[in-house]
Amino acid sequence: MALLHKPRSVGIEGKLLNMIKSMYDAPKIAVRVGNFISNRTEYLYGVRQGCPASPILFDLYINDIFKNIRGVRVPGLISPIPGLLFVDDAVLLDESSVELKTTPDIIIECSDTC
Numbered sequence: 001m002a003l004l005h006k007p008r009s010v011g012i013e014g015k016l017l018n019m020i021k022s023m024y025d026a027p028k029i030a031v032r033v034g035n036f037i038s039n040r041t042e043y044l045y046g047v048r049q050g051c052p053a054s055p056i057l058f059d060l061y062i063n064d065i066f067k068n069i070r071g072v073r074v075p076g077l078i079s080p081i082p083g084l085l086f087v088d089d090a091v092l093l094d095e096s097s098v099e100l101k102t103t104p105d106i107i108i109e110c111s112d113t114c
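Just so we're aligned: 48 in UniProt numbering is position 48 of the sequence shown, and the numbers increase by one with no gaps anywhere.
Incorrect hints may have been included.
Once the Cα atoms are required to be at most 25 Å apart in a straight line, the calculated DSS-like pairs of lysine-lysine come out as [claimed, not checked]:
| hint | residue 1 | residue 2 |
| --- | --- | --- |
| 1 | K6 | K21 |
| 2 | K67 | K101 |
| 3 | K6 | K67 |
Source of the hints: derived by calculation from the structure; they are not laboratory data.
Using the sequences plus the hints, can you model the full thing?
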């Protein structure tokens with residue numbers, strides 16, 4: 001599970017890593033629409049909705065998402081800006097539409113390896 005690989009890669013181990021593992025050991029989700037509640041089913045991707053640790057885990061996972069993207073140069077700034085993140089939304093930035101079209105492939109690759 002990539003969600004556990006990332007904390008390990010930044011040095012999280014021991015009790016904290018075990019706590020994260022136990023939170024994500026066969027998690028189940030049910031959907032409620034009005035008075036109807038679906039059967040619980042296991043989910044394999046993403047962070048838990050409503051869990052206080054979820055924003056931190058999400059930030060840890062997405063932190064490197066822009067590392068291989070060139071981005072745009074902004075006058076007065078030293079480094080280019082590859083994109084913008086807000087909560088669970090991302091905006092990708094690039095100097096040309098041609099380069100921008102390859103950016104999703106870079107992010108998909110990163111999501112598998114980062």
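For each hint, the structure was consulted:
Of the pairs offered as hints, the one joining K6 and K21 holds, with about 12 Å between alpha carbons and a cut-off of 25 Å not exceeded. Straight-line distance between C-alpha atoms of K67 and K101 comes to about 17 Å, which keeps the hinted pair within the 25 Å bound. Using a Cα cut-off of 25 Å, the hinted pair K6 and K67 holds, with the two alpha carbons roughly 15 Å apart.
Of the hints listed earlier, there is not a single one the structure fails to meet.
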